[in-house]
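S.K.: This is what each chain is made of:
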Amino acid sequence: MTTTNGDISDEETVPPLLTASRLSKTHGRTPALRGASVALRAGEILAVTGASGSGKSTLLHCLAGIVRPDTGTVEYAGERLDTLPERRLSELRRTEFGVVFQFGQLIPELTVLDNVALPLLLAGTSRAAAHEQAGEWLERFGVLGQETLRPGELSGGQAQRVSLARALVTAPKVIFADEPTGALDSLAGEQVMAALTHTARESGTAVLLITHDAQVAAYADRELRLSDGAVVTDGAETSTEVTS
Amino acid sequence: MTGMSTRHILLGLLAGGPSHGYDLKRRHDERFPQARPLAYGQVYTTLQRLVRDGLAEVDGTDADGGPERTKYRATEEGERELADWVREISAPAPHVVNEIFAKVVVSILAGGDPAAYLLDQRAAHMARMRELTAVKTAPGSDLSTVLSADYALNHLDADLRWMTTTADRLTTLTAEVDTA
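Quick mapping for you: the protein sequence lines, in order, are chains A and B.
The first sequence begins at 0 in numbering that gives the first Met the number 0 and counts up one residue at a time.
The second sequence begins at 0 in numbering that gives the first Met the number 0 and counts up one residue at a time.
Derived by calculation from the structure, the hints in this document are not laboratory data.
You can take every hint at face value.
Listed next, the in silico EDC-like pairs over lysine to aspartate or glutamate satisfying Cα-Cα at most 20 Å (straight line): (1) B/135 x A/201; (2) B/24 x B/177; (3) B/135 x A/220; (4) B/135 x B/149.
Chain A extracted, bound-state conformation:
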């Protein structure tokens, strides 16, 4: 499917992987999004920042196909997520997207290894293969040796790195991370961000990172800033015109 409304700029040679145009969403009587647009390229790390209540999480939920916007469109690799049947959406969420929240939401009864292997097991991978891949991801995130522990026995930083391993084990195209360091002290948060961005860059995974913390946002390639549900800055690659 191709777009018919010309939302994708002709100036860009690579079309964005995930595009949202003029999203609006109201919770009850409270408008959470008011005409927000965003484009995420393959492999790009985009920080979405703004005050509490600025619409960051609602934007993530719309982009990840968890919530449907009231108006506006969301398109992922040629498919319109805002009109897609739930069955196909849930397949996309399982195979193409990975999600990490502030609190890792690991399953407390399962071991670390089983938590990470779970998305593969659900997709029909054999137990042996799933465990092997899960072990590789745990190693990449520096938490090998903890496989037999339960999530409750991990530190906050370790648990969050296990959550990242679980989000990446299916080799998704996009990681949605909602305040992934929000519950961590600054050093643990730094290790999680370094692991996330390093791995995403290595594997070419795009990341949509929600954060209220500028030091976390500084790990991203650019910043999209929201205020009252609208985009106020869409920092197209600003990089380094300012000398130090």
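With chain A's structure known, arrange chain B on it following the hints.
M.R.: Same frame as chain A, but now just chain B:
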């Protein structure tokens, strides 16, 4: 020209209309209570330099029952210079808040767009923070590099939080500056 600049602040105070040196000093000290009070000598020297550079001109004298005082007003060139200065982002080094504060206030006085300026300044700060983060997370960065990047990052972050709060307070601040 960058930096905290008495000449630009005086030009900003002149944006509201012609004024004499004593009045400019009084308004400066009221408006920037954290800054060192301006000495009269500095006010008059700066005004003379503004006139010499074509940025301000004498607008007659005003006796008002007391000693005769020279009034000054900004020239068109002075207004242009001021507009450029308030838009120009500061190099995102730590501790530039005083300069940013001065630009926000002068921008309100001169009818500029302080909200747009703060967003541009935020983008420059964020770009610098991305550079520092890249330096500190580069493979093989030694501890002193990491610590020095941390120091700068934390101070830039403090500036940013201050700018965010200031942006949120712009409506109140504008009302206060306009009625003073």
